[in-house]
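**Student:** Below, each chain spelled out in residue letters.
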Amino acid sequence: MASSFFGFDSRLPRDRAPSLTATTAAPGRIASPNHSAPGTAPWAGAADPRNVISFHELEGLPAAPVEDDRLAHHDMPFGLPLHRTAPGNLSGGAPRTPRREDAPAMAPWGTPTRPPAFPGQQEHILADSMGQVSLEQDAFSKALGRLEAARRASQSHLPHYPPSPLASASPAPTTSSPAAQQPGAPQFVPGRTPPPGMGPGPYPGGAMSLAELEAQLMQQRQHQQQQPPPGAARSSPLPHTSAPPMMGAPAISPDGQLLPGLAGPDGSPFPMGMPPHMMGMMPPGMGMGMMMPPPHFPGAPHFAVPPPHMARDMPPHFAGMPPGMGPPPMMFPPPDVHPSMSLDEVERVMLEQQVQARMQQQMAMKRARRDARMRELSKYNGIMTQYEKDQIARIQISQLVTADPMKEDFYYQVYSSLRGNPTTEASAKRAPPLLQRGGRGGGSLQDQIQRIVQNAKKRPKATQISLEGALGTISRKTVKNPRQILQVSAGTANPTSATSTNLRVVPTAPSSKAHRKAALKAAEALYQLVIDIENLNRNQPTAESKRSLVMTEDGDERAMTLAEELESWERELTTAMDTLWGRLRQPDGDVDPVVLVLSCSKGKKLWPRLVRLLAPHHATMLALALFSHAQLLDVVQHSSLPALYAAPQLFPGLASSRPSIDALLEFMDATEQFMHHVVPPLVHFIADAPWNVVQSCLEVLLDRNDVVRLGASRAGLVVLTMLVSRAEILHQTQLADAWPDMFQRLFAELQGHYLAFFPLTNVPNLADELARHAVPAALLLQLQQATAASTRAGTPTPAPEALAKDPAAAAAVIDLYLTDDVHVWQFLAAMAVAAGVDQQYALVAEVRDRIVGNVAAGQAAAAAAAAAVPGDVASATLVEKAERSLHNVNLFLHALGLDASQIQA
Amino acid sequence: MAESSVARPFDLIKLNLDEMVQVKLRGNRELVGKLHAYDQHMNMVLGNVTESATVFDVDLPSHEATGAKVVKRNIEMLFVRGDGVILVSPRAHPHDG
Numbered sequence: 001m002a003s004s005f006f007g008f009d010s011r012l013p014r015d016r017a018p019s020l021t022a023t024t025a026a027p028g029r030i031a032s033p034n035h036s037a038p039g040t041a042p043w044a045g046a047a048d049p050r051n052v053i054s055f056h057e058l059e060g061l062p063a064a065p066v067e068d069d070r071l072a073h074h075d076m077p078f079g080l081p082l083h084r085t086a087p088g089n090l091s092g093g094a095p096r097t098p099r100r101e102d103a104p105a106m107a108p109w110g111t112p113t114r115p116p117a118f119p120g121q122q123e124h125i126l127a128d129s130m131g132q133v134s135l136e137q138d139a140f141s142k143a144l145g146r147l148e149a150a151r152r153a154s155q156s157h158l159p160h161y162p163p164s165p166l167a168s169a170s171p172a173p174t175t176s177s178p179a180a181q182q183p184g185a186p187q188f189v190p191g192r193t194p195p196p197g198m199g200p201g202p203y204p205g206g207a208m209s210l211a212e213l214e215a216q217l218m219q220q221r222q223h224q225q226q227q228p229p230p231g232a233a234r235s236s237p238l239p240h241t242s243a244p245p246m247m248g249a250p251a252i253s254p255d256g257q258l259l260p261g262l263a264g265p266d267g268s269p270f271p272m273g274m275p276p277h278m279m280g281m282m283p284p285g286m287g288m289g290m291m292m293p294p295p296h297f298p299g300a301p302h303f304a305v306p307p308p309h310m311a312r313d314m315p316p317h318f319a320g321m322p323p324g325m326g327p328p329p330m331m332f333p334p335p336d337v338h339p340s341m342s343l344d345e346v347e348r349v350m351l352e353q354q355v356q357a358r359m360q361q362q363m364a365m366k367r368a369r370r371d372a373r374m375r376e377l378s379k380y381n382g383i384m385t386q387y388e389k390d391q392i393a394r395i396q397i398s399q400l401v402t403a404d405p406m407k408e409d410f411y412y413q414v415y416s417s418l419r420g421n422p423t424t425e426a427s428a429k430r431a432p433p434l435l436q437r438g439g440r441g442g443g444s445l446q447d448q449i450q451r452i453v454q455n456a457k458k459r460p461k462a463t464q465i466s467l468e469g470a471l472g473t474i475s476r477k478t479v480k481n482p483r484q485i486l487q488v489s490a491g492t493a494n495p496t497s498a499t500s501t502n503l504r505v506v507p508t509a510p511s512s513k514a515h516r517k518a519a520l521k522a523a524e525a526l527y528q529l530v531i532d533i534e535n536l537n538r539n540q541p542t543a544e545s546k547r548s549l550v551m552t553e554d555g556d557e558r559a560m561t562l563a564e565e566l567e568s569w570e571r572e573l574t575t576a577m578d579t580l581w582g583r584l585r586q587p588d589g590d591v592d593p594v595v596l597v598l599s600c601s602k603g604k605k606l607w608p609r610l611v612r613l614l615a616p617h618h619a620t621m622l623a624l625a626l627f628s629h630a631q632l633l634d635v636v637q638h639s640s641l642p643a644l645y646a647a648p649q650l651f652p653g654l655a656s657s658r659p660s661i662d663a664l665l666e667f668m669d670a671t672e673q674f675m676h677h678v679v680p681p682l683v684h685f686i687a688d689a690p691w692n693v694v695q696s697c698l699e700v701l702l703d704r705n706d707v708v709r710l711g712a713s714r715a716g717l718v719v720l721t722m723l724v725s726r727a728e729i730l731h732q733t734q735l736a737d738a739w740p741d742m743f744q745r746l747f748a749e750l751q752g753h754y755l756a757f758f759p760l761t762n763v764p765n766l767a768d769e770l771a772r773h774a775v776p777a778a779l780l781l782q783l784q785q786a787t788a789a790s791t792r793a794g795t796p797t798p799a800p801e802a803l804a805k806d807p808a809a810a811a812a813v814i815d816l817y818l819t820d821d822v823h824v825w826q827f828l829a830a831m832a833v834a835a836g837v838d839q840q841y842a843l844v845a846e847v848r849d850r851i852v853g854n855v856a857a858g859q860a861a862a863a864a865a866a867a868a869v870p871g872d873v874a875s876a877t878l879v880e881k882a883e884r885s886l887h888n889v890n891l892f893l894h895a896l897g898l899d900a901s902q903i904q905a
Numbered sequence: 001m002a003e004s005s006v007a008r009p010f011d012l013i014k015l016n017l018d019e020m021v022q023v024k025l026r027g028n029r030e031l032v033g034k035l036h037a038y039d040q041h042m043n044m045v046l047g048n049v050t051e052s053a054t055v056f057d058v059d060l061p062s063h064e065a066t067g068a069k070v071v072k073r074n075i076e077m078l079f080v081r082g083d084g085v086i087l088v089s090p091r092a093h094p095h096d097g
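First to last, the sequence lines map onto chains A and B.
With full-length UniProt numbering, you'll find the first sequence wraps up at 905, consecutive numbering, no jumps.
With full-length UniProt numbering, you'll find the second sequence wraps up at 97, consecutive numbering, no jumps.
Next up, chain A with everything else stripped away, as it sits in the complex:
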């Protein structure tokens, strides 16, 4: 016997859609059961045996009727619907008239896997083998025929409208149900859903006029009284319960009770008076229908006996709806109406019922469609075993999981951590990644796998992403590392080591290409080491972290203990730190590595991270090294660039030509990077340093450097200011006894040179140059921020992006920056605090002109502000400069105990 997946005999004829030959009821006429058209009411088709394939014709095996024609298999040999005349005998032809004797004695339908349809059927199922099925089918069809006949007989007097499920929840069957639901009468419902809104009445939606309604109600009431409770009437078993529920078999359980959710008298799936929530629920006794419950997959349908408990199991599967449930009923309730109810009320009730019925109808339709789709989708279930599926899932996950996400998925990790911490500085992608909870990675492999699986389950991701504005789609599933075709081994080639040693000897000229390359190499090497150390710091083994494996003497692998893990981790860390320190103090030629590294902006950015990792004594040594070679720093070496650029005529002796605007911009950038990245850690260091450290720093600074040169540069001034003020603080707390002597020495060296520290007063022709050269907005932003300290709060600062496009505005910003003398005044103030009275006099005398100039400018600020043209950048700059000068000079004067207002300009 041919059993399909769904366990029914596919040889058997399937449903066909009801013919559309039925006529619509004439208006005003209550459609009688015999003349109702299938198109007019959902239940109507079932009532008319001529219009549908009645159950018995199929010999008890209707396939799931699908209202969607595409999914339906219409077997139509010779253009006629299939019919079986005898078991195994398919013939096209006219439908047979039902034969009572044909109704089978409740044989199970289809395979024996259906639940028992009647008490004692269990044995029946058990006894039968596959070969017996046809016999059973025959018996079944006989029973169906009997039921049909009985049903039809009882329906002749019945007003033809569907029973409503909305009536009372009482299991007592209503009017037509008792008669119709003789045992074994599956109510066959054609597969096609009639168009909604067709009802027996003249109104849209099938509403009837009041008169008709009342007539119906009266008759119903009679019927109700006539019919005894169903329990008594029903004694015989029910083949229909094993009938496919989608057929709308009457809801009669073996014990004869009317079961919820099942066919009504007219073949409608629901009896009258069914509570709506019962719709779609299969009673325990319902047959399987076409849908084999999932537990029976994979493999051949079971011919083993479905235990009765399966019947119990079925309802959950059918919770949605009996598949292919026929056209959902449009039912009217057994009226709760009295004849005394007003016309309006009755009409209202009717309308409500219609609306509800239509909703149910739609829901039933949807369910039917969904079930049909489910069937299609599960057609090929059960081909792979669970193990195979797991295997593939494992392969897929293994491609996503990384042992070291910081190494292999660095950019995303940093990106997500930067997103997660919007407050942290995102200077470059190399910002120290402090992973937050949100980022994936850093955890153990197990965690990653779990996270991946959960995420995958949470939302099914598309295989392709298409971003807005991007051409084409981005394929999400790609292998992250392409296959390496070339085998390049590291460190084997002698030339590599030869060149590396060559490059060690770096020419002293700090501006040469080789020097630059050496600087970059040193910076990169240090970067690599810093990143490794930071990684190690981040992955300190904890109690929960994954243990690495180690080989034992027997050749087995075992996991290390926490102590061992920690030990090996510490060893790694120590080695790395030693390497770092080694590299940091390794001279490249005769250039100190500190100077070398700090000569590129990359190195300046690395500096704070580097210093943070070092042990305190190393950090001290590093600071000392920095101070001792301070004048070799690029920011100090090129400090004369602005002056050279702005006024080359003042330096007649210099062989070098006027520096380009590029060089100037680069110098400014370097200075700002230095101030921004290198100076703060140094400030921290010095602010906390004890006197002996400060003393050594000062000594080294004074011994090895020309402080005048240092003073000429902004960076140098800042460093000096730091040291001097710290020394003074320590001295005032009696900790720095040797300070005064040192100060004397410093003062003596600097004497007479203070004026040279001041920057230019203006930069001519800057705007013209900038018109031809793009200024990076980032630089402008930095410059703005740098000058913001001394500009009056509230002056409008245009956005850097806008500035970059406007050469005049950009020039103004640069001008402001280059002419800012705040550092000089700060240094002078620090000196003044530490100085004795005579020295203060000397200081003032030296910079007198400057003081006066600034004060005068400040006092003229008011006038300048008044004269300023609002939109003009140049005049705005003048105003700013004027105000700033006043502010700056006050820094010095306050240190002396004076104020600018005391000075007459």
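These aren't lab readings, by the way, just hints derived from the structure by calculation.
Please note that the accuracy of each hint is not assured.
Okay, derived cross-link-like pairs now, EDC-like style, lysine to aspartate or glutamate, Cα gap no bigger than 16 Å in a straight line [unchecked claim]:
#1 K513/A / E51/B
#2 K34/B / D662/A
#3 K517/A / D39/B
#4 K69/B / D59/B
#5 K407/A / D39/B
Pair ranges (Cβ atoms, derived) [said to hold, decoys possible]:
#6 D39/B / N539/A: 22 to 28 Å
#7 T552/A / D39/B: 55 to 61 Å
#8 D590/A / E76/B: 36 to 42 Å
#9 R91/B / E408/A: 54 to 60 Å
#10 H618/A / R91/B: 33 to 39 Å
#11 G27/B / I397/A: 36 to 42 Å
#12 R26/B / D688/A: 32 to 38 Å
#13 L12/B / H894/A: 51 to 57 Å
#14 E388/A / L12/B: 45 to 51 Å
#15 Q391/A / N28/B: 39 to 45 Å
#16 D39/B / S398/A: 53 to 59 Å
#17 R91/B / F651/A: 24 to 30 Å
#18 D39/B / E564/A: 33 to 39 Å
#19 T50/B / R370/A: 37 to 43 Å
Some chain B residues flagged as far from chain A (calculated, every beta-carbon gap over 12 Å) [to be verified]:
#20 L12
#21 K14
#22 L17
#23 K24
#24 L25
#25 F56
#26 V58
#27 H63
#28 T66
#29 V71
Backbone N, C-alpha and C fix where the C-beta goes; we use that ideal spot for every residue, glycine too.
Fit chain B to the supplied structure of chain A, relying on the hints for placement.
**Tutor:** Then chain B, alone, in the frame of chain A:
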């Protein structure tokens, strides 16, 4: 680790991170910008880029190039697909002799 700072030819690009570089692309284009990131495919992220595309005026019947002009434009941040990269070279440093 330190000695192998430049172990592979690819590491030479690492030296240019955060520096101004000059990239020559297919299609007669050149970029000058700050190299922010790169990967094994030579995909790159460049900042403050100036793209110079050389456009040839072709005399159609004879398919001869009659003239060439360079079209420049500035792009603030740019991702370059490595497919089209021909070469990457450090931009001449203004300080270099």
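**Student:** Tell me the hint numbers this structure goes against, listed in increasing order.
**Tutor:** 1, 3, 7, 9, 12, 15, 16, 19, 20, 21, 22
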